[in-house]
Structures are given as C-alpha cells and as structure tokens.
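Novice: Okay, here's what each chain looks like letter by letter:
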Amino acid sequence: MSTKSFSLEEINQVIKGIIVGATSQKITAPQQLETATENEISFIGNKKYERLWQDSNACVAIVNEDIAIAPGENRAFIKVKNADLALAQVLELFAGTPPLFHQNIHPTAVIDASAVIGENAEIGANVYIGPKAVIGKNARIYPNVTILDESTIGDRTVIWSGSVVRERCHIGTDCIIHPNATIGADGFGFRPCPERGLAKIPQIGNVIIGNWVEIGANTCVDRGKFSSTIIGDGCKIDNLVQIGHNSVLGKYCIMAGNSGLAGSVTLGNGVIIGGSASIKDHTTIGDGATVGAGSGVTGDIPAGKVMLGYPAVEARDALKQWAILKRLVRESGEKKA
Amino acid sequence: MSTKSFSLEEINQVIKGIIVGATSQKITAPQQLETATENEISFIGNKKYERLWQDSNACVAIVNEDIAIAPGENRAFIKVKNADLALAQVLELFAGTPPLFHQNIHPTAVIDASAVIGENAEIGANVYIGPKAVIGKNARIYPNVTILDESTIGDRTVIWSGSVVRERCHIGTDCIIHPNATIGADGFGFRPCPERGLAKIPQIGNVIIGNWVEIGANTCVDRGKFSSTIIGDGCKIDNLVQIGHNSVLGKYCIMAGNSGLAGSVTLGNGVIIGGSASIKDHTTIGDGATVGAGSGVTGDIPAGKVMLGYPAVEARDALKQWAILKRLVRESGEKKA
Amino acid sequence: MSTKSFSLEEINQVIKGIIVGATSQKITAPQQLETATENEISFIGNKKYERLWQDSNACVAIVNEDIAIAPGENRAFIKVKNADLALAQVLELFAGTPPLFHQNIHPTAVIDASAVIGENAEIGANVYIGPKAVIGKNARIYPNVTILDESTIGDRTVIWSGSVVRERCHIGTDCIIHPNATIGADGFGFRPCPERGLAKIPQIGNVIIGNWVEIGANTCVDRGKFSSTIIGDGCKIDNLVQIGHNSVLGKYCIMAGNSGLAGSVTLGNGVIIGGSASIKDHTTIGDGATVGAGSGVTGDIPAGKVMLGYPAVEARDALKQWAILKRLVRESGEKKA
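Chains as they are written, first to last, in this note's numbering: chain A, 16 to 352; chain B, 16 to 352; chain C, 16 to 352.
By construction, these hints were calculated from the structure, which means they are not laboratory data. Take these hints with a grain of salt, some might be off.
Because identical chains share one entry, a pair is satisfied inside a single copy or across any pair of copies.
[As the list claims (entries may be wrong)] Cross-link-like lysine-lysine pairs, in silico, DSS-like; alpha carbons within 25 Å at most:
no.: 1; residue 1: K350; residue 2: K215
no.: 2; residue 1: K19; residue 2: K41
no.: 3; residue 1: K335; residue 2: K350
no.: 4; residue 1: K19; residue 2: K215
no.: 5; residue 1: K19; residue 2: K147
no.: 6; residue 1: K31; residue 2: K19
no.: 7; residue 1: K31; residue 2: K215
So that you can see chain A by itself, here it is in the shape it has in the complex (with noise of 0.2 Å):
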C-alpha cells in the first residue's frame, strides 16, 4: 500500500507507549498478526487472540495492557492503554496522501455564478454547483460530484465522486458523504388517484445531516414530504442504506449496510441497526437500542432494549425459538427413527 517505513522507537513516538524488547526491523506496514511479515506491526487488543502472537512473523506488536506475551528474538511489543487509538494512530502514519488536485477550482468544473465557495474548498473536475449553493472551507469535492441549487455543505466536508445532493438539503461540517450517495431525493409517497392508479404527494422538505457524520457508498436519504429528514451529530451510516422521508435520528447512530428505514421512523441517540435490517415506517427506537443483523422492526423499541428476529423480538427470546425449532427438527428426525 505504503513506500514508508518507520522504527520501532518512531512508531512509539505517535503512540506514546512503553516498549518491551527491541527490534531492528524497519516498519513498513500494519497487518494482521496471521499474514505478518517480518517488516510488519501488528496489534493484539484481546487476550484470546494473545496465542496467535507466537506463531507469527510480525515484528512488533501494539497491546492492551492486560495481554501478556513474550517480546522474542529481534521482535518487540508496545504496551498501551488504548489499543483501538494506538491502532488508529499507527493507521494515520502509514496512510497515503489523498486524492490530489492540482488546483483549488478544476477548470471543467460548472459552478453557478450566485454558488459561495469557502476559503481553501477544493472542487474537483466536472463537479456541478448550482445557484446559491453554499460550499464550506476546506470542503474537498471530488470529480463529478453534483450539488443542487440553495444546499449547503460544512466547513472540511468531504464529497466522494458520484454523490448527489438536491436542492436545499444541508451537510454539517466534517462529514464524509462516500461514492454513489444520494441525499435528498424525493420521499416515497403516493395517493390512490382514479385516472393514474397512483399519484405523487409532492415531497417538498429537505435533508438535514450534522456534523462528524459519514454517509455510505450508494446510500439513500429521501428529503422530508413536509419539514426535514433529519440526521444526527456523529451517525456513521454504512454503504447501500434507505432512510426514508422524515426519519429523524438521533446523535451517533449506526447503521449497518444494506439496512433500511421506512418513513417517519425516530431513532434516538446511540441507537445501533445491524446489516440488512429494516425498521417498519412510523417506529419509535430509544436511546442505545441495538437491532440485531437481518431483524424485521415491527413497532416501537423501548431504549436500552436489544432486539433481533423476523419479526424482531428482544433478543434472548430470538435465540430460544431458534433453539426450539432446531429442537423440534432433532425431535421429528428421532420420531421417524
């Protein structure tokens, strides 16, 4: 991935821990201690993965301070009190440089003449701006990119190639909007109408996002049918997610690919949505609820609950129908034995 290398005592430099044993190896990139080579540093933040330290090749070794291993010969570990920030840290310094623009503004970029453009935003090439459009500084947008009239992106946003952004939707500042993304498109709603079968409710609200949230690659947020649809501080969303018109969520949320929100559904803060879940529209989810992987929501979650099935029901009850009907499939084998 990386041309840099690094020694053992500049690694410790960035992570401030306390080094046992030595090694002269230079450091040429993180890896798992499983495929390791003998340049590579490696990180152990549980002790049931302490055994795997013996038999592999890395050099180094970044551990919490509970995992108890031997240095070995030209070999050397990092005691710390963070191995998940130790992890991130030593991530930041082997990371190439970012996607490069030659200049602030790329000349085939199309930026309407009433657009503001912060101080230091970089736009990249045949990247559309529409008229009034608001771009933060130090915003990165990158190749073709199309932001709609009267939005408005943060200070240090970043927009990934491919991303749209409709008309009068608002991104707070450090957010990362990935690939494909599309913010604001128009809500899902329709009226019986006898000469069409069905016609649209025109959907005339907007997307708020605020700030420190990333939005997945290929990810949909549908803009409100009246007020906003609302995400909160912090919420990381994952890649091919469907949040539908006028969900509000809280502050650092999670939600897990492929999962999806009908309309008008409210997730308070912390609440966690595992991979292909899907939560029924109008549901009510509290503070730190958690929905396991593939659930199916059917109605209000309490806060702190943990919840998982189709339908989703609390979790430990999920895991007992599972074991019935495997019991019930054993017991139907031994009845025809």
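Chain A is fixed; fit chains B and C onto it per the hints.
Specialist: Just chains B and C, lined up with the frame of chain A:
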C-alpha cells in the same frame, strides 16, 4: 423550507373545501400536528388523530368530512372530501422551485450530433447523450446524467443527476428517474465454462418503462437477456431496488426500498412488494397481491393474496406461526420455572 | 432489438449442430418458446420444456441431444451438445453494437498528465482519470466515470458510466464494472471516542479485483482497513451487493442481488451467495458452499455445505423447520375447530 405565505382564504381557493372558524395568521408551511407552530397548517385524514388537534399549535387543519373537531380561538379548519388530495395541493402551493436551468442546453453537455432533443427539453451540465438517443419535449435531464446510444426518453420525463440509461432502453412520458439509478445494466446470466469457471451469457435485450413511472434513487433495472424487462404504466419503485432481467411489471405496482425481483419475475397490475422483500426468479404474482416487508417469496402467488414471512405464506398463517413461536418460548420458560 | 436476420443454415454455421427439418423463414431474433413469433428462434435445454414446442410459433429451436421433438411444417430444430453454449453464441450473433466512441479519448475527458493510457483504450466524455492511474490496452471507460489516483485498470476491462474507482485500487483484465458501482470506498470502522461518540478508524488499504470479474450496478466493494479487500478471478457479483472491508473472495464465486458480506468475510472458491442473503463479519465459507436466498449466516460454513434460513442452518433442516411451523399452524386450527 420556503418563504411563501398564504391566508386561510388563499389556501381554500386551491382546495375548495368548507371553512369552519377563522384565523388571521399568515400560513407559512405545512407541518404535522405535533410539531406545528402557530403559523403552520396541518392535516387530519383519520379519526384516530382527531385528539391531537386540541394540543397542536397549528392555526389551520385540513380535515376529512368525518372528522369532528372545534376550531378554537384564532384557529380554523377546512373540511374537504379528500384530505389526501388537498394535502398534495397544499404541498404543491408551498413547494420551492425546482433546480434552475439557466439555458435549455448547458454548454458543457455532450450531445451526439445524431441525437434528437425535443422542444424545450432542458439538459444540464456535464450530461452525456449518445448517438441516436431521443429526448422528449419538456424533459429535464439534470447534471451528470448519462444516456447511451439509441435510448429514448419521453416527454416531460425528469432524470435526476448521476443516473445512467444504457443503450437502446426506452422510458415513457411523465416519468421520474431519481438520482444514481441504473437503467439497462446487463442481466446476471452466466454458464459453466471449463476454462474460466463461468462465462457470460450475452444480454442483448433492453428495458422498456411505461408512462408515469418513478424509479428510485440507486435502483437498478437490468436489461433482458433477449427481449425486454418491462415496467408498466404508473409503477412506483422506491430506492435501492433490484429488478432482474426479463422481469415484467404490470400497471401501478409498488415496490418499497431494498426489495428485489430475481430474473423473469412477472407481476400483475397493482401488486405491492414491501420493503426488503425478495422474489425468486420465474415467479408469477397475480393482480393486486401484496407481499409483506422482509418476506421471501419462493413460488407463484394468486391474484389478491396477501403473503408474508420467510419463506412467505399467507399473512394470517405467518402471524399464527409467529404467535406459536412466542407461545413455545413462554412455555419453555414456564417448564424451567 | 435488432435489425439483423439469418437463415437456419447461417445460424448453424456458428453453432455447428445437426439440423432436423427445414424452414424458409428468415430468423430475426431469439425468443422464449411461449412468446416467440414465426420469425424467431428458441431453445430447449431441459426435457420438461419439450411440450412447449408444439404450441410455440418459433420456426427454429436449438435443443440438447436428449430432447425429442418433431420439426413440423416449415419448422426445424438444431441438435447440439451444449444448448447453453449455443444460446450464448446465437445471442452474440443478434447482439447490437456496443455504445459508440467516435474517437479513442473524448476531448472532455480529464486525464491527469501522469496517468498512463493503454493502446486503443477508449475513454468517454466527462471521465476523470487521476494522477498515476493506469488504463490497460483496449479498455473501455464510459462517460462520467471517475478513476482516482494510482488505480490500475486491466486490459480489455469495461467500466460503465457513473462508476467510481477510488485511489490505489486494482482491477484485472477482462472485467466488467457495471454502472454506478463503487470500488474502494472506506471500510466501515469506528472506535468509541469520548468527545464525539465515534471516531473514524483510517481505512488505508485498497481493493484488488482479479481477471474476468463482473461487479454489478450500484454494488460497493469497500477498501481494506489495512491490506486489501480481494475479489478472485472469475467472480460474478450482481447489483446492489455490499462487500465489506478486508473480505476475501476466492475464484468463481457468485453473489446475487442485494446480498452482503460484513467485514473480513472469507469465501473459498465457487461459493454461491443467494439474493438478499447476508453474512456476519469474520465468517469463513468453504469451497463450493451455497447460501440460499434471504439467509442470514452467523458462523463458519464447511466446504460444499448448502445453508438456508435466518439464521442459516443446513438447507434440509431449514426445510424441516418450515414444514414443522406449517404443521403447528394447521394443528392449532384443528384444535379450535
């Protein structure tokens, strides 16, 4: 959302109901009863929401004829035959203007010399329109759309940014293709092949979309292996939906977010597919049938049936299965106790 | 679809079978038996469809050697060893031309001075190709594609419009990337963080895609946290599929629409994942295993196993579970009666 405002009487000129009570408030936006401020107008389409009127701050409500509320001081309501229709009309009234095209064809659009562009069609920045493509009158093609060779787009159809219409596909009149949708990608067909495991079966058909159709953001409609994948008039397809090759949808079908049809599925007229549901290939679903959210359909469904569950069974049987599982869990708890 | 036509003999020059019967019809298109007109050619690969020949209007059928039908008046059939292969060859014969590039590199394409473009590669309108990217010989990059810094695209690979390949990703030869696919977006990784709830873990790896791979429309393959997300030679990935960071797919795997792999999933060779199925993170699935549509896999699967259900169990046990649930519903009805 909007800087417009209307008096009670101005709104009633559009929806033509019967005013009960009076208000001097300027009405600035539509809003839900629970969150409305005193300058906002709300809606009551169902008797169960009647009770919310008293505590709402909305100055006006549009209500169906069977709703029994009292106007109150400086508040009014408007009785109408069809609150859904009146809501749509009021939303239209408050709607912002659509994104602006300064001129009919943006100078950065790349339009092949052999393409035909209809009268008053608007074509945005960085759009590509290939050889022999035909764009209808008053169509709106937003920035960064790609329409490949010989495809045709009907009059008044809107194609939002990032969408791709591959070669030789046909979209009717008055359609809306939401951002980043893909129309006419190859169907998913392979044959075993000794040298490379799997060899591609050419997908030489196309996609034909009727009139008044909506295709959701990041939704995919694959082209036929031979002949066509067909979406009938008035179908409404939500975001992130997969429609496999050679599927045929009748009129006025609804497919909710994250749902999918494998190849060669046939839907009659008025079929409703819930969110995240998936339908096996070569399945036929009759007119007016409904598939519940999250269901997995593995066989044909007669007209009018309501199916639910994974695998899908008649909805009343799915509900019974779920009740039985809950009872078995309860009983197993009692047995242990 | 096509304005081509061929005689029975011209078609047999390509598929080299044995003609039984004769027809003077000009053959203008391939079609299914049920919907074919008298100028169309059809296919019978399986004895159960034999009976459809008599009522079909098709003038010619291509059939496997074990199919027993009579030619009839002015109709014929062609016996072949491999009807699948013959079908592919006939589809090729009737295929329309791919979208036209008037010149190798469209003048509106933005190609960095340090990028390397292979001989006869075709690059469409409004494409962006970043610094040090390498495009192989005879590759076709359709309009509005974005390929970021240092990524490489193999010889003869086709990238359809709207797709995004982020920096430092590598795609092999003879691949097809369908429209609006996203290759190399950040993996979904966060760590708890006191100030902002969740902090991003840098995703410094990349994506490596082998040869003969297809990536479906609007499908996402995330880059590794460190090292690479790997898709082996000959894999065929359908539309709207999520492949999480650091997943590794062997050769010739198939993933159907709307399915997903959470992070660090390992698939052996020839694994088949059904539509809408989802696989838990850090799961290993052995060579030749199959996961049925809609399944939720929560643990490792040995080679060759067929798994089904949510949560997934061996397919025969899933079928038994479903049969038992149906029986319990039936019995509960009888008890009440």
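Novice: Hints first: check each against the structure and report whether it holds.
Specialist: The hints, checked one at a time:
1. K350 to K215: neither (57 Å within a copy, 47 Å between copies)
2. K19 to K41: Answer is within: at 10 Å inside a copy they meet the 25 Å cutoff, but 64 Å across does not.
3. K335 to K350: both (22 Å within a copy, 13 Å between copies)
4. K19 to K215: between (56 Å within a copy, 22 Å between copies)
5. K19 to K147: Answer is between; shortest inter-copy Cα gap is 18 Å, intra-copy 43 Å.
6. K31 to K19: Answer is within; shortest intra-copy Cα gap is 20 Å, inter-copy 58 Å.
7. K31 to K215: between (59 Å within a copy, 20 Å between copies)
Violated hints amount to a single one, hint 1; each of the other numbered hints is respected by the structure.
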